[in-house]
Amino acid sequence: MARADELHADPVALLRFRADTAELPEALDRLGVRTLGELAALPRAALADRFGPSGLLAHDLVHGRDTPLRPRRPGELLEESLELEESASGEQLGRALELLVDRLLARRERDGRTLRAVVLGATLVEGGTWRERVVFREPLADPARMRLVLAQRLAQLPAPAEALRLAVERFGPPHHGGRALFDDGTAQRRARLREAIRQVRAVAGPEGALRVLAVDPDSRVPERRAVLAPFEL
Amino acid sequence: MSPGTRRIGVPRPADVIAGRGGRPETVDRHEVVSVRESWLVEDRWWTDRPLRRRYWEVVTIDGRDLVVFRELEDGRWFRHR
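Going down the list, the sequences are from chains L and R.
First residue of the first sequence? That's 51 in the working numbering, and the numbers climb one at a time after it.
First residue of the second sequence? That's 10 in the working numbering, and the numbers climb one at a time after it.
These are computed hints drawn from the structure, not numbers from a lab.
Where is the CB? At the ideal position from N, CA and C, for every residue including glycine.
Please note that a few of the clues may not be correct.
Only some residues are given here: those of chain R computed to face chain L with a beta carbon under 7 Å [stated by the list, open to error]: (1) G13; (2) R15; (3) G18; (4) S47; (5) L49; (6) V50; (7) R88; (8) H89.
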């Protein structure tokens, strides 16, 4: 990577390599700005005034300031497979599919995400393989619904299988039910309950919201067992 | 007791006519047709304000199930429900 001052003699035409600044070289050339060094010498405010965000970006670039690199996420391979003890078809395949779906959904790498597309594959007893790509109508994390969709595809299997595979091709957004373990909306519910109590008290007075508090529930004297106390959160 | 807090099931005075053995025969002018249970509660006997109650769970002629008691210290009658 070249240092910013090493680029000062280079032409402003280099800005064409960047989509956000591709329009600038022509205008800069008309203004007599031909090198990156000349561009770097211009006041930042003047570039912003004349070219807007692309002018600011060009100014940053010629001073060696670039937007952070965004690493490409490596493709994730999440796959479960099952060797079938004997050439399976019909109900046996259904049970195998059930197991595969459960195992795939239980994988820790799924991290609460839904599945948008999966690939169902089989190794056939007679030789050869079979493969079906299944895109769900909506992202799923519900094993019953997934099985329902996949079982229809599995019914198209041309011959008995000796192995079955299920792989995630694309993930969907996090599943609301899965997220509930960590973010169950408790704070939101408490705030709503607090507001409801406030409204009840505004209408019915301070005793509008009380709770029964067990003080000595096993007491032989009934009036000692519980009290009514203001409902507080 | 903290402000805004009040007891539940505080007994209220009852008009009870008792027969032999202290058995209630009427409660607030309702005839008692059966006694379901009777028990004695003694507490705080080690203090200046001992608690001694003879409880009766009774059913009145109009079908109500009531719990009444007699304060054995002063003879007054109360009911819980």
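Going through the hints against the structure:
1. With a cut of 7 Å, the hint placing G13(R) at the interface with chain L holds, because the nearest CB-to-CB distance is about 4 Å.
2. Because the smallest distance between the Cβ of R15(R) and any Cβ of chain L comes to about 5 Å, under 7 Å, the interface hint for this residue holds.
3. For G18(R), the suggested interface contact is upheld, since its CB lies about 5 Å from the closest CB of chain L, less than 7 Å.
4. Annotation: S47(R) was flagged as interfacial toward chain L, and the flag is violated, the nearest CB pair being 14 Å apart, outside 7 Å.
5. For L49(R), the interface hint is violated, the least distance from its beta-carbon to any beta-carbon of chain L being 10 Å, above 7 Å.
6. With its C-beta approaching chain L no nearer than about 5 Å, V50(R) sits inside the 7 Å limit, and its interface hint holds.
7. For R88(R), the suggested interface contact is broken, since its CB lies about 11 Å from the closest CB of chain L, more than 7 Å.
8. Checking H89(R) against chain L by beta carbon gives a least distance of about 5 Å; that is within 7 Å, so the hint holds.
Hint compliance for this structure: hints 4, 5, 7 are not met, and every other hint is.
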